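Number of protein chains: 2
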Amino acid sequence: MSEVIYSGKTKDIYQGAEENQLVLKFKDDVTGVDGVFDPGANQVGLSIEGVGQVGLRLTKYFYSKLNEAGYPTHFVDADIENNTMTVRKAQVFGKGLEVITRFKATGSFVRRYGDYVTEGTPLNAYVEVTLKDDDREDPYITKDALALLDIMNGDQYEELVATTKEIASFVRDDIAAHGLEVFDIKLEFGFDAVTGKVILIDEISGGNMRVFDNGEYVLPLNLINYFPEA
Amino acid sequence: MSEVIYSGKTKDIYQGAEENQLVLKFKDDVTGVDGVFDPGANQVGLSIEGVGQVGLRLTKYFYSKLNEAGYPTHFVDADIENNTMTVRKAQVFGKGLEVITRFKATGSFVRRYGDYVTEGTPLNAYVEVTLKDDDREDPYITKDALALLDIMNGDQYEELVATTKEIASFVRDDIAAHGLEVFDIKLEFGFDAVTGKVILIDEISGGNMRVFDNGEYVLPLNLINYFPEA
Numbered sequence: 001m002s003e004v005i006y007s008g009k010t011k012d013i014y015q016g017a018e019e020n021q022l023v024l025k026f027k028d029d030v031t032g033v034d035g036v037f038d039p040g041a042n043q044v045g046l047s048i049e050g051v052g053q054v055g056l057r058l059t060k061y062f063y064s065k066l067n068e069a070g071y072p073t074h075f076v077d078a079d080i081e082n083n084t085m086t087v088r089k090a091q092v093f094g095k096g097l098e099v100i101t102r103f104k105a106t107g108s109f110v111r112r113y114g115d116y117v118t119e120g121t122p123l124n125a126y127v128e129v130t131l132k133d134d135d136r137e138d139p140y141i142t143k144d145a146l147a148l149l150d151i152m153n154g155d156q157y158e159e160l161v162a163t164t165k166e167i168a169s170f171v172r173d174d175i176a177a178h179g180l181e182v183f184d185i186k187l188e189f190g191f192d193a194v195t196g197k198v199i200l201i202d203e204i205s206g207g208n209m210r211v212f213d214n215g216e217y218v219l220p221l222n223l224i225n226y227f228p229e230a
Numbered sequence: 001m002s003e004v005i006y007s008g009k010t011k012d013i014y015q016g017a018e019e020n021q022l023v024l025k026f027k028d029d030v031t032g033v034d035g036v037f038d039p040g041a042n043q044v045g046l047s048i049e050g051v052g053q054v055g056l057r058l059t060k061y062f063y064s065k066l067n068e069a070g071y072p073t074h075f076v077d078a079d080i081e082n083n084t085m086t087v088r089k090a091q092v093f094g095k096g097l098e099v100i101t102r103f104k105a106t107g108s109f110v111r112r113y114g115d116y117v118t119e120g121t122p123l124n125a126y127v128e129v130t131l132k133d134d135d136r137e138d139p140y141i142t143k144d145a146l147a148l149l150d151i152m153n154g155d156q157y158e159e160l161v162a163t164t165k166e167i168a169s170f171v172r173d174d175i176a177a178h179g180l181e182v183f184d185i186k187l188e189f190g191f192d193a194v195t196g197k198v199i200l201i202d203e204i205s206g207g208n209m210r211v212f213d214n215g216e217y218v219l220p221l222n223l224i225n226y227f228p229e230a
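Residue numbers (the UniProt record's numbering), protein chains in the order written: chain A, 1 to 230; chain B, 1 to 230.
Read the hints as simulated data drawn from the structure, not as lab findings.
Just so we're clear, the structure is a prediction, and the values are computed from it rather than from any experiment.
Take the hints with a grain of salt, since some may be wrong.
Said to hold, decoys possible - Each computed DSS-like pair below joins lysine-lysine, with the alpha-carbon atoms no more than 30 Å apart: (1) B:Lys197 - B:Lys89; (2) B:Lys143 - A:Lys186; (3) B:Lys104 - A:Lys143; (4) A:Lys186 - A:Lys9; (5) A:Lys143 - B:Lys197; (6) A:Lys143 - B:Lys9.
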C-alpha cells in the first residue's frame, strides 16, 4: 500500500489505486477515557484486538445495503481480511460535522433537556448537528450558525436533514429486523470529490449509535453478535 | 405591599394593585461565583448595596424607550425610590427561555466556535436560544427541538427571532449613542396574560449584555455611569 496520508484516532488513510479514491485502514484503537471504551470520547483510550475488523464488517454490511438502496455514499468496497475499505474521496463541510438522528431520548439530549423529557421519550427522528472539534468537545450548532460561519447555507441544511432522516431510518429499520432498537445514530457527510454531491462518509458500526435489546443497552463492540451475516 | 408570590435570585415578586399586574422588587443580591459578580452565573454570589436600584434605573430607561417606540413589553412603570417595577403578567414559553442576540463574537460563542471565529468577529445579530434551567446550565436549544418539546412551533420561533433582532438592535443603537459597543445581549419573552401576544419581559441592565468602551469591557455595574439621564 502507498504511504499514509493521514493517521486518525481509529483509522489510517491511504491514497487509493484510482485518483479519486482513498483506502481506509481500520485500526484496533478505540476512543475512550481511562482505559474504558467510549465511542463518544475524543481520545484514543485503548486497543482491542479485532475491533477494527468488527467495525469494518458492520460498515461494509450497512454501506452495501445503502448503496443497493440507492443512497449516495462514499463506499466502494471492503477487504475484510486486510481491514481496509476503499471509498470515494470527499470534502467535508467546514472542518467536519457530525449529524445525529434521535429516535428516542438518551445521552446528552436527556442531560440537556431533562426538564422536558426522560430517558426513552420518542423524538421522531430529531436531527441535530455538532462540529467535529476535539478541543471544544464537538459543540452543537444551529442551522443559522452554520450559515453564519459559512459552513452550509439554509437550503443545504434542510436537504442534509432530510437525507439524514432517510438514511438513519433505513439503518434503524434494518437493525430493528435483527431484534434491536436504535435510540440514536451519528452520521457524517461530505461532498463527492468528482460529482460535488453530498454523500455519506466515514463508517457505520456500533460506535456510531446507541442500541438496546429489550431495554438493555448493547455495548458497541457486541453489536456484531446480532449480525452473523456481516 | 402584598405578600411575596415568588422570591427569585435577584428579584421578589408581588401581586400588583391590578389583577393582571405584578410588582417586581429589585434586590441588592447579584449572581456570581465565589463572591465575584458574574451576570451569567446561576447562583447568588454576593450582595452589593444599591445594585438593585441601578438595575431598575437602566431597566426603566430602556423599557420606557421601547414602549414609546411601540415595542410590546411588560413594563408599566417604575418606582425608583422603592426599587419596584410594575409589569403586566405574562406566561413564559415552556419553563422559560433566554434569547441571545450576538453582534460580535465573545463569551460562549467563541468557546464553542473558536475553530471558525475569533473574539470580535461580526455576527450580524445572530440569535440563539437557551432554556432557563439552572441545574443544566441553561442549555442551548434549536428551532426544531423547541417544536419537538412543544415549547414553541416553527412560526412562533421565526417571529420571536425577528422581534428579538429588532429590539436588540434598538437597544444596541441607544447604547452606541452613549459611546459604547454592544457585543451581545440577552432578552426574555412571554405571552401577555391578557392579550396572549408575545411581549418582552424581565429586565434590561448591565447584567443582560456585554458592552465595550473603545475595546475595553465595561463591568455590568459600571454601565449606569454612561447613562446619567437614567
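| request: Quick one: which hint numbers does this structure break? Sort them smallest to largest. | output: Those not satisfied come down to hint 6.
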